[in-house]
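For reference, the chains in residue letters:
Protein chains: 2
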Amino acid sequence: MSKTPYDSHLDKTPANYQPLTPLTFLERSASVHPDHVAVIHGRQRFTYAQLYERSRRLASALAWLGIQQGDTVSVMLPNVPPMLEAHFGVPMTGAVLHSINTRLDAAIVAFQLDHAESKVLIYDREFSATVKAAIDLCRVKPRLVEYDDPEFPQVGERMSPVEYEDFIKRGFAGYKWRMPADEWDAISLNYTSGTTGNPKGVVYHHRGAHLMCYANIVSAQMSRHSVYLWTLPMFHCNGWCFPWTVTAAAGTHVCLRWVRAGAIFEAMAEHGVTHLCGAPVVMSAMLNATANEVRPLPRRVQFITAAAPPPEAVLSRMEQAGFDVTHVYGLTETYGPATVNEWKGEWDALDPSGRAVRKARQGVRYAALEGLTVMNPETMEVVPSDGATLGEVMFRGNIVMKGYLKNPAATDEAFAGGWFHSGDLGVLHSDGYIQLKDRSKDIIISGGENISSIEVEDVLYKHPLIAACAVVAKPDERWGETPCAFIEVKPGAELLASDVIAWCRVRRCRRPRPAKSRNSACARWQRRFDARGEAH
Amino acid sequence: MSKTPYDSHLDKTPANYQPLTPLTFLERSASVHPDHVAVIHGRQRFTYAQLYERSRRLASALAWLGIQQGDTVSVMLPNVPPMLEAHFGVPMTGAVLHSINTRLDAAIVAFQLDHAESKVLIYDREFSATVKAAIDLCRVKPRLVEYDDPEFPQVGERMSPVEYEDFIKRGFAGYKWRMPADEWDAISLNYTSGTTGNPKGVVYHHRGAHLMCYANIVSAQMSRHSVYLWTLPMFHCNGWCFPWTVTAAAGTHVCLRWVRAGAIFEAMAEHGVTHLCGAPVVMSAMLNATANEVRPLPRRVQFITAAAPPPEAVLSRMEQAGFDVTHVYGLTETYGPATVNEWKGEWDALDPSGRAVRKARQGVRYAALEGLTVMNPETMEVVPSDGATLGEVMFRGNIVMKGYLKNPAATDEAFAGGWFHSGDLGVLHSDGYIQLKDRSKDIIISGGENISSIEVEDVLYKHPLIAACAVVAKPDERWGETPCAFIEVKPGAELLASDVIAWCRVRRCRRPRPAKSRNSACARWQRRFDARGEAH
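Line by line, the protein sequences are chains A and B. Oh and the first sequence: position 95 is 95 in this note's numbering, straight run, nothing missing. Count along the second sequence starting at 1, add 1000, and that's the number in this note's numbering.
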């Protein structure tokens, strides 16, 4: 290409180029709104000045231990203030934040710590037994810092001589944290559990985390000083990047150690919550709260949900209860949500069932995702926009992970052909919205016919006595698989299996699809994505 | 630095890295909201599908002319649909959009066209006389495309055989536009008029324009489908990047060929305008509209203003009239606004005068600006946060220009020490908010005393019969300079100069500051920034 006048003497300098990082959002909110409440946890309140100070103290204390660029610092914490502080304090040192799912067992925790070459583990005393067992299994032992929640004291065995609050007191409040040398530098590490084999370590970078903050704000329609309730675990894809997002909006983080209906309603009533995120089970918990637990909402609340399409009955009841539900979808590999069911005004006129059909779609690309499509992974050709032809959902853009840590083969396979292969099956509708169909774990193949677990769940959720349900495939000698429903009935209700079966039988409205197309066209790559990490 | 596990096999690929550009926002809005009205111009309506198609046709027609990466395409257009389309169609070809201030004379237009090596000029027939004279002066003649506004036909001489609508009809609606090869590639060129010497060509890049969209959305509190009225000229710093911003929000652009009070109120009433931007003179025009022109506002409207702090009287009347006024500040070199007077809830309790004092501050850094401070430019030391010590306002970050086109000396000088030197004098308040003081054009030195033109204007604006005013320095043999006020009285009102002088005299409340400190500490660099482009 020939040289143009725009090619000379217009270079990057510190004045006109700075690495993108979410850390600048905390610095800004602390500088502009130092006295605004950043964190609520029980009776604790931390302003933005304090959150910034505590994060810098943490960074300073870690640096004093020798933590530096490219080291891994692990955390096994519920949604408590130190978990938020770790999202800032750890990357302030140039290190990478590794969040551990608090529900994992010692063997997997030990695998992750070893694989990540973790130098420090900050954990909550609630998990000290698991941590003790995991450390025993580790090849190299990380240093331990134990958080003893002053608001909700835990009874686990004290494992480490170093308590978190004492640890950060050692740090310097004025610690001069560093911008990442490169916005492509790693900021965090999240392991997918996968369905087979060892977990894979998904690496995020500063650039993606920064852009995700803007995309979340736009998608969730957040504004300055939004109040966010932490029902989504922060260990889950870094809480979809909301620790950084809420901070970018100078909002208030309302911590929640355990997801319980009473605590959720109390927080919403007392702190004016505007936004929360969670799987449909959180919605069910709220809808099935007892009269003692329910509190009136002071305002309409935005609920962002993922993991499974919201069932029609749940959706209707949520709307009546004062929630606007937004359906998003993504994977650990995409920083959390990467698609959003962007709602159109004209859909408001549909009946509840029509609205639920629309709401069930996973939708369109997040603003920070440059490409979203459904392709035949063999040919890399986009499927017809007919709402029927199955393909693999593919992502491309700045909120796709750096790759899998120390796993170049898996990384190359995931990025084959210049697109991230989600492993999820879906269709393209005529309006460009995507919809997942027959996710490997959602499809039940019974007598050669495909049965969608989602469709069975939809029918079950309409039953007036059912609080929550999940339908899975049960191995069956004759049929190969048959659907098996796990059902939680409402408090005080009684329900017979035969009633439920009868309920489903009269409501079966769709003809099952033959499994043939899937078996022929998709069988080979089906095997491939069976080994991929789970969607959420 | 030693190699860490995060340094290997986690590289950029098309799957996980895409150049940031505002072009993807149009593609997204056209894909997600194809039928939503993107542009209103007179009786014309273009949906997002149409705006995208027209932009691609423009790109295709330009490419057919041979326009390619790094070429310059100039436009001299008012706020009409082709001006919006140029913001997308020109960079879709890899070319750079050069917007010409429509108020300039032929000699300066010719200088810009030559300096930019412009290949094509798209202009409105309203300016054909200026264009004709400018082309006569040009060393190399660009191809001409004339826009003949179908809604507001102009009477100027037809200069080019090619009319804009015919031109884009030649283009292909399905034109496959290209992502920029690098997000650092130039996207637009805007000349500062400067106070001495030749104009300097400020170059923006795709990365900065993309980030500015998010920052504008956050700062202006825009949401999906906001309705934006085009009172700010799009030729002015690319309309502060709002052509791209409103599109990112899938909002509606309401075009306005001329800024007239009646047309503004009509647009607000009929189209449900939510946002508009402009200098204080736009506020004055609205506040002084006749009863015939005023229409009730269907909702509260966000008004984003720059150029000068909003006077107290104007601010109060705007609030009463249904506007929330946000004060921003920036320069051509910072893509438009780079600071925002981020309003704090506790300031609502202040009296009108106290609120105006707060609102007069230029504020804090935009979310997309990584650094903002006030320094002594000799020592590059930050001034004390005392609200009194003068220094030069300095910017650093991703919304600072690439540099000045073909002017490495000016670029290097502007970026000396790793910060962009604004040339504006200001102070740092104790809360971190900056405030401009004594901008070179705002300070009047009379008998060795500094007089702030802003303070005199503040007093004048409180006069019940004054619609608009501007105070400048007038050369004076005895005093060096004296203040000279240009005053527009309200329709039908009469006012004597002696009345105005008496009004000011009794309201003079602040002691003039001695000019000494400025003359000694700032004289040298004062000379330097006198040659810099104007702030807005």
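Calculated directly from the structure, the hints in this document are not laboratory data. Computed from a prediction, not measured in an experiment: that's the story for all the values here. Hints may contain errors.
[As the list claims (entries may be wrong)] Derived DEER-like restraints, expressed as beta-carbon distance ranges:
#: 1; chain 1: A; residue 1: Asp35; chain 2: B; residue 2: Val1357; range: 18 to 24 angstroms
#: 2; chain 1: B; residue 1: Lys1169; chain 2: A; residue 2: Arg299; range: 57 to 63 angstroms
#: 3; chain 1: B; residue 1: Ala1181; chain 2: A; residue 2: Glu151; range: 39 to 45 angstroms
#: 4; chain 1: B; residue 1: Lys1474; chain 2: A; residue 2: Pro298; range: 37 to 43 angstroms
#: 5; chain 1: B; residue 1: Glu1378; chain 2: A; residue 2: Trp64; range: 33 to 39 angstroms
[To be verified] Taking lysine-lysine and the DSBU-like style, the derived pairs with C-alpha atoms no more than 30 angstroms apart in a straight line are:
#: 6; chain 1: B; residue 1: Lys1141; chain 2: B; residue 2: Lys1344
#: 7; chain 1: A; residue 1: Lys176; chain 2: B; residue 2: Lys1344
#: 8; chain 1: A; residue 1: Lys12; chain 2: B; residue 2: Lys1344
In this text, a Cβ means the ideal position worked out from N, Cα and C, and glycines have one as well.
Each hint, compared with the structure:
1. A:Asp35 / B:Val1357: 18 to 24 angstroms: 19 angstroms, holds
2. B:Lys1169 / A:Arg299: 57 to 63 angstroms: 50 angstroms, violated
3. B:Ala1181 / A:Glu151: 39 to 45 angstroms: 53 angstroms, violated
4. B:Lys1474 / A:Pro298: 37 to 43 angstroms: The hint (37 to 43 angstroms, Cβ to Cβ) is violated, given that Lys1474 of chain B and Pro298 of chain A are roughly 58 angstroms apart.
5. B:Glu1378 / A:Trp64: 33 to 39 angstroms: Cβ of Glu1378 of chain B to Cβ of Trp64 of chain A: about 37 angstroms, so the range 33 to 39 angstroms holds.
6. B:Lys1141 / B:Lys1344: Answer violated: Lys1141 of chain B to Lys1344 of chain B is near 53 angstroms, above 30 angstroms.
7. A:Lys176 / B:Lys1344: The given pair, whose Cα atoms are some 27 angstroms apart, holds under the 30 angstroms limit.
8. A:Lys12 / B:Lys1344: 35 angstroms, violated
Of the numbered hints given earlier, the model fails hints 2, 3, 4, 6, 8; all others are met.
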